[in-house]
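Protein chains in written order, with the UniProt record's numbering: chain U, 1 to 411; chain S, 1 to 411.
Keep in mind the hints are simulated off the structure, nothing from the lab. Model, not experiment: these values are computed from the prediction. Worth double-checking, as some hints may not be accurate.
Identical copies look the same in the list; a pair holds intra-copy or inter-copy alike.
Below, simulated SDA-like cross-link-like pairs (lysine to any residue); rule was C-alpha separation at most 20 Å, straight line [said to hold, decoys possible]:
{"hint": "1", "residue 1": "K409", "residue 2": "E169"}
{"hint": "2", "residue 1": "K409", "residue 2": "G275"}
{"hint": "3", "residue 1": "K215", "residue 2": "I407"}
{"hint": "4", "residue 1": "K397", "residue 2": "I242"}
{"hint": "5", "residue 1": "K377", "residue 2": "N232"}
{"hint": "6", "residue 1": "K377", "residue 2": "V228"}
{"hint": "7", "residue 1": "K46", "residue 2": "E33"}
{"hint": "8", "residue 1": "K199", "residue 2": "P172"}
{"hint": "9", "residue 1": "K46", "residue 2": "Y60"}
{"hint": "10", "residue 1": "K377", "residue 2": "N328"}
{"hint": "11", "residue 1": "K125", "residue 2": "G171"}
{"hint": "12", "residue 1": "K377", "residue 2": "G287"}
{"hint": "13", "residue 1": "K40", "residue 2": "R52"}
{"hint": "14", "residue 1": "K125", "residue 2": "K175"}
{"hint": "15", "residue 1": "K404", "residue 2": "A392"}
{"hint": "16", "residue 1": "K393", "residue 2": "Y403"}
{"hint": "17", "residue 1": "K393", "residue 2": "R383"}
{"hint": "18", "residue 1": "K409", "residue 2": "H212"}
{"hint": "19", "residue 1": "K175", "residue 2": "N120"}
{"hint": "20", "residue 1": "K377", "residue 2": "R227"}
{"hint": "21", "residue 1": "K393", "residue 2": "G275"}
{"hint": "22", "residue 1": "K397", "residue 2": "R387"}
{"hint": "23", "residue 1": "K40", "residue 2": "R53"}
{"hint": "24", "residue 1": "K360", "residue 2": "R124"}
{"hint": "25", "residue 1": "K175", "residue 2": "T213"}
{"hint": "26", "residue 1": "K404", "residue 2": "G275"}
{"hint": "27", "residue 1": "K409", "residue 2": "S178"}
{"hint": "28", "residue 1": "K215", "residue 2": "R408"}
{"hint": "29", "residue 1": "K404", "residue 2": "I242"}
Protein chains: 2
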Amino acid sequence: MLGLMLTNYDILIVGLSFQAPDSGRMAAPVEFEGVETSLKARLQGKEYDEVRRILYGRAYPELQISSDARQMAEKGGYEVQGYEISAQPEQLRAPRKVRVACIQNSIVLPTTAPVEEQRNAIHRKVGGMVEAAALAGANIVCMQETFTMPFAFCTRERLPWTEFAESAEHGPTTKYFSELAAKYGIVIILPILERDESKDDVIWNAAVVISHTGKVIGKSRKNHIPRVGDFNEATYYMESTIGHPVFQTAFGKIAINICYGRHHPQNWMMFALNGAEIIFNPSATTGDLSEPLWGIEARNAAIANHCFTVAINRVGTEHFPHEFTSGNGLPAHHDFGHFYGSSYIAAPDGSRTPALPRTKDGLLIAELDLNLCRQTKDTWGFRMTQRLDMYAKLFEKAACPDYKPDIRKET
Amino acid sequence: MLGLMLTNYDILIVGLSFQAPDSGRMAAPVEFEGVETSLKARLQGKEYDEVRRILYGRAYPELQISSDARQMAEKGGYEVQGYEISAQPEQLRAPRKVRVACIQNSIVLPTTAPVEEQRNAIHRKVGGMVEAAALAGANIVCMQETFTMPFAFCTRERLPWTEFAESAEHGPTTKYFSELAAKYGIVIILPILERDESKDDVIWNAAVVISHTGKVIGKSRKNHIPRVGDFNEATYYMESTIGHPVFQTAFGKIAINICYGRHHPQNWMMFALNGAEIIFNPSATTGDLSEPLWGIEARNAAIANHCFTVAINRVGTEHFPHEFTSGNGLPAHHDFGHFYGSSYIAAPDGSRTPALPRTKDGLLIAELDLNLCRQTKDTWGFRMTQRLDMYAKLFEKAACPDYKPDIRKET
Chain U
1 MLGLMLTNYD
11 ILIVGLSFQA
21 PDSGRMAAPV
31 EFEGVETSLK
41 ARLQGKEYDE
51 VRRILYGRAY
61 PELQISSDAR
71 QMAEKGGYEV
81 QGYEISAQPE
91 QLRAPRKVRV
101 ACIQNSIVLP
111 TTAPVEEQRN
121 AIHRKVGGMV
131 EAAALAGANI
141 VCMQETFTMP
151 FAFCTRERLP
161 WTEFAESAEH
171 GPTTKYFSEL
181 AAKYGIVIIL
191 PILERDESKD
201 DVIWNAAVVI
211 SHTGKVIGKS
221 RKNHIPRVGD
231 FNEATYYMES
241 TIGHPVFQTA
251 FGKIAINICY
261 GRHHPQNWMM
271 FALNGAEIIF
281 NPSATTGDLS
291 EPLWGIEARN
301 AAIANHCFTV
311 AINRVGTEHF
321 PHEFTSGNGL
331 PAHHDFGHFY
341 GSSYIAAPDG
351 SRTPALPRTK
361 DGLLIAELDL
371 NLCRQTKDTW
381 GFRMTQRLDM
391 YAKLFEKAAC
401 PDYKPDIRKE
411 T
Chain S
1 MLGLMLTNYD
11 ILIVGLSFQA
21 PDSGRMAAPV
31 EFEGVETSLK
41 ARLQGKEYDE
51 VRRILYGRAY
61 PELQISSDAR
71 QMAEKGGYEV
81 QGYEISAQPE
91 QLRAPRKVRV
101 ACIQNSIVLP
111 TTAPVEEQRN
121 AIHRKVGGMV
131 EAAALAGANI
141 VCMQETFTMP
151 FAFCTRERLP
161 WTEFAESAEH
171 GPTTKYFSEL
181 AAKYGIVIIL
191 PILERDESKD
201 DVIWNAAVVI
211 SHTGKVIGKS
221 RKNHIPRVGD
231 FNEATYYMES
241 TIGHPVFQTA
251 FGKIAINICY
261 GRHHPQNWMM
271 FALNGAEIIF
281 NPSATTGDLS
291 EPLWGIEARN
301 AAIANHCFTV
311 AINRVGTEHF
321 PHEFTSGNGL
331 PAHHDFGHFY
341 GSSYIAAPDG
351 SRTPALPRTK
361 DGLLIAELDL
371 NLCRQTKDTW
381 GFRMTQRLDM
391 YAKLFEKAAC
401 PDYKPDIRKE
411 T
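Please model the complete structure; the sequences and the hints are all you need to start from.
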């Protein structure tokens with residue numbers, strides 16, 4: 001429904017594989033690859049430079065990706081892109097260069113396969129992408145929201161989907177990726193459907209942070225839960241009660257703002273006020289409704305909070321065995337629409353990387369100099385001028401049910 | 001300094017008039033007209049549609065602009081653009097269609113001309129543009145920040161620039177435009193340098209709201225003051241102490257977030273929490289530093305707050321008689337760089353209009369159906385899910401000097 005049918009123009013189309021509906025992936029319409037591919041193909045020279053500058057900010061040099069990582073990507077059929085986001089040299093601080101990677105992946109097996117097989121297949125595929133990231137020098141890797149499973153909340157069914165929920169501390173996904181973290185000395189962020197076995201078996205939408213030693217540092221949970229279109233997540237889990245934790249890793253202070261939290265500027269801000277230098281936004285989003293917002297929100301957060309943000313979206317179309325409706329008056333169907341990928345990284349100075357494709361798995365790596373956060377803070381001064389004490393008082397008043405808005409009329 | 005020198009590509013360049021430095025406008029480099037012109041010229045068919053959709057959201061029909069308004073624009077040498085931003089029909093509410101206009105203008109006389117002549121010349125030029133807007137059916141018109149004067153704060157000089165400050169209630173600008181407001185039955189927003197004659201003659205950066213009857217409804221003042229580059233405004237005026245007023249006009253509830261306040265998401269949010277359906281952002285901004293942010297911030301505010309936003313930037317290059325430095329290690333110079341115009345209107349559903357040109361005066365008109373605000377609120381639900389009470393408490397804690405950020409480490 002949400003993917004447009006496009007035909008007849010050469011390099012900009014990527015054909016997706018067509019499979020029978022019961023294979024778990026629908027016969028997808030041909031999807032447009034992405035804005036960057038079009039701009040590069042159609043614009044040239046200084047005209048391209050100006051359009052690119054206005055839309056994306058300063059140009060980044062491409063990062064040399066090691067040949068073994070490139071070979072893995074080629075073999076795995078996913079795209080790899082790398083960029084270098086530099087800062088000015090300082091006299092008293094050395095550069096603090098960190099290589100951050102994000103992974104967007106389609107599911108592997110049909111949604112009708114046994115739960116354990118579906119999860120294991122994703123572990124193997126994404127595990128391979130993590131290894132490619134490590135070979136390319138990545139220090140921190142983050143996956144998309146609930147990456148171990150299809151985004152099945154559109155169905156409003158319980159079984160088998162809730163069986164994908166697992167312990168953050170010692171579930172199979174944490175175990176699998178802790179080994180990779182220790183092996184490569186990298187931090188891995190695992191956005192999963194969490195089963196809190198220690199607290200009433202309640203389900204949460206969470207992200208586990210594994211340190212470079214392979215230990216669990218802690219977890220974050222989704223602060224804002226959507227009730228829009230096929231995003232029936234409020235049916236499955238509630239808003240986080242653990243606040244806005246920031247994780248001090250060997251490679252910088254990081255936080256995770258899960259999916260729908262990107263629509264809430266004050267959510268990003270609290271992570272930044274707790275010291276986050278990089279805020280990851282593992283997401284799952286589709287279609288015409290959210291796509292024009294996608295390039296805006298995480299990037300605005302990087303600007304407003306003088307930090308890096310990493311926006312990661314699922315990719316592909318997922319087909320479910322039982323039909324469901326979407327609260328939009330249209331007939332029942334079997335899929336959620338096309339998850340348009342387009343993962344990107346935004347910098348505090350308002351610049352951003354190109355997006356990964358709309359159409360295929362991808363690994364995006366950027367070498368960030370974290371010194372850029374404070375340099376931008378000192379330049380733009382949004383933190384200094386933010387008047388937080390005033391907004392704390394105003395928000396407190398505005399949150400009261402009897403708040404009288406300040407509306408002035410002609411007298 | 002900040003304008004790039006571009007040559008040799010046909011339709012995308014607009015030559016600015018060259019004048020002697022002491023004329024008040026510098027010999028400007030040739031400036032790139034704008035992204036939209038390039039995309040329209042270089043992309044076609046469905047490829048153009050997809051790029052446009054991802055970058056700008058749904059396509060708007062063009063508004064029919066009356067021929068008398070078009071003729072005035074042609075005679076005045078400025079661009080006029082119009083769009084229709086519709087909403088779904090509802091059963092219990094009629095559409096609430098409002099035509100909003102914004103004006104971007106260069107100064108008229110050299111900055112060395114007598115203050116009164118400079119101001120009167122701008123009154124006449126912008127007054128004519130207001131009349132064209134009224135003939136095109138506009139109900140609310142807003143100008144750029146401190147539109148009656150050159151943006152002289154880069155100089156850090158007092159006289160003659162502070163002589164442009166005037167009373168919000170009965171200064172010459174309010175008088176001039178009140179007559180137009182009453183004549184055409186339109187609301188006019190006047191962003192001026194204010195002299196508060198009733199309170200110690202203090203200077204403020206303000207916006208006066210004139211009702212469709214020609215009366216002053218009230219005023220807003222700039223809540224966040226920049227200290228960046230040539231924006232030495234903290235030298236001239238302080239942060240507003242009058243909060244986030246919303247003005248109930250005959251055509252909807254409006255608010256004014258002046259310039260640098262667009263970098264502060266909580267500022268936009270307080271105007272929205274006070275009920276604003278349209279938030280105007282009269283601005284003055286230049287160059288490489290801010291341009292990649294320009295399309296992001298006001299649009300993010302429209303999305304996050306389920307309201308319309310109107311981002312208005314000054315246009316052209318202003319040359320000052322005495323040289324000044326810009327705190328960037330570069331030699332003294334006489335101009336602020338190129339104000340890149342690019343005014344636009346963003347809708348709550350994340351779509352936006354094309355921008356006015358980077359290179360010339362312009363009048364942008366959009367017919368908004370204000371019902372779209374509540375429709376988007378009901379669809380996306382950001383207001384319902386914003387957890388304002390939690391953020392009020394968190395911000396209060398975070399604003400304390402002894403706040404301990406929530407940072408978790410490997411144990």
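Given a CA cutoff of 20 Å, do K393 and Y403 count as a within-copy pair, a between-copy pair, both, or neither?
-> Intra 12 Å, inter 16 Å, cutoff 20 Å: intra and inter.
Is it within a copy, between copies, both, or neither that the alpha carbon of K46 lies no farther than 20 Å from that of Y60?
-> Cα proximity of K46 and Y60: one copy only (16 Å, versus 29 Å across).
Homomeric proximity label, K397 with I242: Cα distance no greater than 20 Å = Answer is between; shortest inter-copy Cα gap is 16 Å, intra-copy 24 Å.
Copy assignment of K377 with G287, given that the CA separation must stay at most 20 Å = between (35 Å within a copy, 18 Å between copies)
Give the relationship of K215 and R408 under a CA distance limit of 20 Å: within one copy only, between copies only, both, or neither.
-> Classified as between: cross-chain Cα gap 13 Å, same-chain 56 Å, threshold 20 Å.
Please work out whether the CA atoms of K409 and H212 approach to 20 Å or closer within one copy, between two copies, in both situations, or in neither?
-> between (59 Å within a copy, 12 Å between copies)
Measure nothing new, just compare the shortest in-copy and cross-copy C-alpha distances for K40 and R53 to 20 Å and report within, between, both or neither.
-> both (13 Å within a copy, 18 Å between copies)
At 20 Å max between alpha carbons, let me know whether K377 reaches N232 within a copy, between copies, both or neither.
-> The answer is between: 17 Å across copies meets 20 Å, while 38 Å in one copy does not.
State whether the alpha carbon distance between K125 and G171 is at most 20 Å within one copy, between copies, both, or neither.
-> Intra 18 Å, inter 69 Å, cutoff 20 Å: intra-copy only.
Homomeric proximity label, K409 with E169: Cα distance no greater than 20 Å = between (57 Å within a copy, 15 Å between copies)
20 Å Cα threshold - placement of I242 relative to K404 | between (31 Å within a copy, 16 Å between copies)
Status of V228 relative to K377 across identical chains (alpha carbons, at most 20 Å) | between (35 Å within a copy, 11 Å between copies)
The structure meets every hint from the earlier list without exception.
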